Amino acid sequence: MTEEGCLLVMVVDMHPQLAEHDAHTYLNAVVAFANLHLAANVRNSLGVLAANHLESRFLYPSCDGDGVERQRDGRLEMLGQVDRAIERGLKTMAVAAGASPMHSEQSESLLSGAMGRGLLYIKRRETEEVLTKKLQSRLLVLKISSDTGSQYLTYINAYLTAQKMSTPVDVCVVGGECGLLQQGADITGGTYHCVRQVTELLQTLLLMYHCGPATRRKMNAPPPDTVDYRAACFCHRTLVDMASVCSNCLSVYCKAVPLCTTCNVIFQTDRPLVRLSKKKK
Amino acid sequence: MYGPQTLTCKNLQEYLKSLSRDILDRLYNHPATCLAVFRELPALSRQFILRLLFVNKPVAQVLLASWIPQHDAGRDVGDIAAEHRQGTQVLLDMCIWQEVKDQQGNMAIRLSSTFRENLKVAILGGGRPWTMSATLDSDPHQRNVEFLDKYAMDRWESVLQFLVQPGRGQKAISRDAMRTLLHAGLIESSGESDNMQITSAGFQFLLLDTASQVWFFILKYLETVTERGMSLVACLTFLFKLSFSTLGKDYSMEGMDNELLTFLQHLREFGLVYLRKRSSGRFYPTRLALNITAGQNKGIIDVPKQGNLIIETNYRVYAYTTSELQISLLAIFCDIEGRFPNMVVASISRSSVRRALLKGIGAEQIISFLKQHCHPQMYKLSSVVPRTVADQIKLWEMERERLEFTEGVLYKDFMSLHDFNLLSNYASSNGVLIYSDERQRTMVVTKKGHPSIKTFWKEEQAK
Chain S
1 MTEEGCLLVM
11 VVDMHPQLAE
21 HDAHTYLNAV
31 VAFANLHLAA
41 NVRNSLGVLA
51 ANHLESRFLY
61 PSCDGDGVER
71 QRDGRLEMLG
81 QVDRAIERGL
91 KTMAVAAGAS
101 PMHSEQSESL
111 LSGAMGRGLL
121 YIKRRETEEV
131 LTKKLQSRLL
141 VLKISSDTGS
151 QYLTYINAYL
161 TAQKMSTPVD
171 VCVVGGECGL
181 LQQGADITGG
191 TYHCVRQVTE
201 LLQTLLLMYH
211 CGPATRRKMN
221 APPPDTVDYR
231 AACFCHRTLV
241 DMASVCSNCL
251 SVYCKAVPLC
261 TTCNVIFQTD
271 RPLVRLSKKK
281 K
Chain X
1 MYGPQTLTCK
11 NLQEYLKSLS
21 RDILDRLYNH
31 PATCLAVFRE
41 LPALSRQFIL
51 RLLFVNKPVA
61 QVLLASWIPQ
71 HDAGRDVGDI
81 AAEHRQGTQV
91 LLDMCIWQEV
101 KDQQGNMAIR
111 LSSTFRENLK
121 VAILGGGRPW
131 TMSATLDSDP
141 HQRNVEFLDK
151 YAMDRWESVL
161 QFLVQPGRGQ
171 KAISRDAMRT
181 LLHAGLIESS
191 GESDNMQITS
201 AGFQFLLLDT
211 ASQVWFFILK
221 YLETVTERGM
231 SLVACLTFLF
241 KLSFSTLGKD
251 YSMEGMDNEL
261 LTFLQHLREF
271 GLVYLRKRSS
281 GRFYPTRLAL
291 NITAGQNKGI
301 IDVPKQGNLI
311 IETNYRVYAY
321 TTSELQISLL
331 AIFCDIEGRF
341 PNMVVASISR
351 SSVRRALLKG
361 IGAEQIISFL
371 KQHCHPQMYK
381 LSSVVPRTVA
391 DQIKLWEMER
401 ERLEFTEGVL
411 YKDFMSLHDF
421 NLLSNYASSN
431 GVLIYSDERQ
441 RTMVVTKKGH
451 PSIKTFWKEE
461 QAK
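Those protein sequences? They're chains S and X, same order as listed.
Under UniProt numbering, residues 1 to 281 are what the first sequence spells out, in order.
Under UniProt numbering, residues 1 to 463 are what the second sequence spells out, in order.
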């Protein structure tokens, strides 16, 4: 029985909206899940990133090692370091967030950036371990805040990168559904699930997200929902059902425009554009 | 002719299954053992445990059955169901799951409460610390990781060295280590009591990777533990505790009884722990002891050993080593052609490989040995050991298996062709015919088939 270890990179949403839920239970679930992953196999490794509306931050493995940690209770020595690293990182993040005033325009968690960093970390680990077989890795995104389409492009970029690296992106959303992240899970072959209450989070994580894709196929899972594949337009970042698409760079616009703002192509039309769109109908 | 037995090494799970229920129950009283057991379970069983980790009530078997996916495009659901049954059976065998009746009287499953609590403690915290490390002040004679690695390798290699040359290295290892080697069947005494000789199993043992060697050795040691008057549970628990400790950290010997102190002394001899002095009250686990339970499948956590073999497609082997042990290991299946101050040139030939094969070493073992000790440069090639070399070694092994020996009974001097055909047809229809030659009217049947042929012949004669 040779079992390869798995690198799990967790991206944890730390948006101030967390206050609406039970933050204590949420963080407990995150830390417990991280510990269970590390303990389940000698070769498993972990990376934890947190993102709020101001920044994304690497929590574990932390670069500032605090030296000797000895066992304090009946737990594996090494696991204590995970808790402390996460705790320390979140504290500095919370202090920084508290110090700066809340801007209305930038109120969304920078999850896509954190996902990008997570993917970079996976890439780095892959190149570091050349002697072993291909590193198995996956990304787990925990989201708690509501979102708009403003990060649409970065999300899609991250998904396509993950798909190319054959890294599944698992998504667990607390509260309301999130179509954008659901797309990511669908594109990369990950699992998407929406939890209503924070109290259900840990059990859901254990049930659906603990095992790798190989084992997951052997377990019954809730039937997948239909994926909301609406794109966000490039001009207003709103999700649209029908849109105009630039013939040169495939940028999406909710209204017909004379000039593509992405690639600067001028659309040459004989007739006024407004009439053209009418004719379409 | 019977081929020599191949060396089989149980993994932790198989080992634990062979223990009695009573011992298992006592083992689960400690977080370290629970975690070690948990890690070694198949992935599906691990998932089962985790799903029930926070569920205190018994879970009906109907619910467990619902975990099996009902429809899956392109995959056989029957296979998955079988795997589920297997995963469940493992847990039941190891007394982690208990079958109970729930309130409605249906069959239900419950996670053993001691196992649950201790696993929770090991992973999520709580309970009492079990390594007694917090009570220690810092060691004035602090040892670093490099020192421990070197120490462990030195100790372990002295055991291997003894195996290679039992006569010479007699002094290097203690009587206890020798007893274990004898018990494991790696060496045997030939004639006089002092003269030891390595067995075929011993040769195979030498070619294993260090992690498997240590695990095999410890397994054999544990078998003799009760004879020595020590408690198996205490030793195993200590071993698991040790395997979860941190490298380069010291641990206190406080609270260990005499039994465990003896065990610790033995582990020290094999290089699993480092003790500066008996009275120092602290010990350092070495890399050999860490993750000991992972056995064969640990790979990267293995002792970081720089391989030093370069294998060329012309069957030449260059070993950049000065270690006597390495050279004698190579000499088992190579012809040493030249020795230089920092390297050895050897070549693999048919006769040298056959010599190894005669000792009971398999081709796979030779190839895996070459793979383990390859120079990092060799990893850049597509196949670490050149394919021609690996294939040829396998061919040489198959060459020996060209002849197959079967016991049989010879029938000859048939009076007529009809008689011969009658018998040979009967024998082949019964599947007992080994050989038949119509021209010489000779046939050979298996020994088992002989009586039935005899009665058949008598019946035919009587007609």
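Just so you know, these hints were derived from the structure itself, not from any lab.
Predicted, not measured: the structure shown is a model, and the values here were computed from it.
Heads up, some of the hints might be wrong.
Under 10 Å between C-beta atoms, here's a sample of chain S residues computed to sit facing chain X [said to hold, decoys possible]:
no., residue
1, Val31
2, Leu38
3, Ala39
4, Leu76
5, Glu77
6, Gly189
7, His193
8, Leu207
9, His210
10, Pro224
For each label pair, taking beta carbons as the anchor points, the in silico distance ranges come out as [unchecked claim]:
no., chain 1, residue 1, chain 2, residue 2, range
11, X, Asn106, S, Glu20, 39 to 47 Å
12, S, Ala214, X, Glu146, 46 to 54 Å
13, S, Asn28, X, Gln98, 27 to 35 Å
14, S, Asn220, X, Ile336, 53 to 61 Å
15, X, Ser368, S, Lys123, 27 to 35 Å
16, X, Gly431, S, Thr215, 39 to 47 Å
17, X, Gly229, S, Ala214, 54 to 62 Å
18, X, Arg85, S, Ala214, 15 to 23 Å
19, S, Arg124, X, Gln70, 39 to 47 Å
20, S, Asp225, X, Gln98, 33 to 41 Å
21, S, Asn220, X, Ser383, 45 to 53 Å
22, S, Cys263, X, Arg85, 19 to 27 Å
23, S, Asn157, X, Glu312, 41 to 49 Å
24, S, Arg196, X, Gln70, 40 to 48 Å
Even glycine gets a Cβ: it sits at the ideal position worked out from N, Cα and C.
### Task
May I ask you to test the hint 40 to 48 Å on the CB atoms belonging to Arg196 (chain S) and Gln70 (chain X)?
25 Å, violated
### When the least beta-carbon distance from Gly189 (chain S) to chain X is tested against 10 Å, hint result
14 Å, violated
### Query
When you take the CB atoms of Asp225 (chain S) and Gln98 (chain X), is the distance between them in 33 to 41 Å?
Given about 37 Å between the Cβ atoms, the range holds.
### Query
Does 46 to 54 Å hold as the CB distance between Ala214 (chain S) and Glu146 (chain X), or does it fail?
38 Å, violated
### Message
Holds or violated: the hint that Ala39 (chain S) contacts chain X, with Cβ atoms closer than 10 Å.
### Response
5 Å, holds
### Query
Regarding Arg124 (chain S) and Gln70 (chain X), is the given constraint of 39 to 47 Å on their beta-carbon distance met?
41 Å, holds
#### Entry: Satisfaction of the hinted span 53 to 61 Å by the C-beta atoms belonging to Asn220 (chain S) and Ile336 (chain X)
Holds, since Asn220 (chain S) and Ile336 (chain X) (Cβ atoms, about 60 Å apart) stay within the stated range.
### Query
Is it true that the C-beta distance of Cys263 (chain S) to Arg85 (chain X) lies inside 19 to 27 Å, as the hint says?
58 Å, violated
### Message
Can you verify the interface hint for His193 (chain S): is its Cβ closer than 10 Å to any Cβ in chain X?
### Response
With Cβ-Cβ at 15 Å, over 10 Å, it is violated.
### Query
Do Asn28 (chain S) and Gln98 (chain X) keep their Cβ atoms within the hinted range of 27 to 35 Å?
28 Å, holds
### Query
Does the nearest C-beta of chain X fall within a distance shorter than 10 Å of the C-beta of Val31 (chain S)?
Status holds, d = 9 Å.
### Task
Note whether the CB distance of Asn220 (chain S) and Ser383 (chain X) lies within 45 to 53 Å or breaks it.
Given a distance of about 41 Å, which is not inside 45 to 53 Å, the answer is violated.
Violated hints for the displayed structure, listed by number in ascending order: 6, 7, 10, 12, 17, 21, 22, 24.
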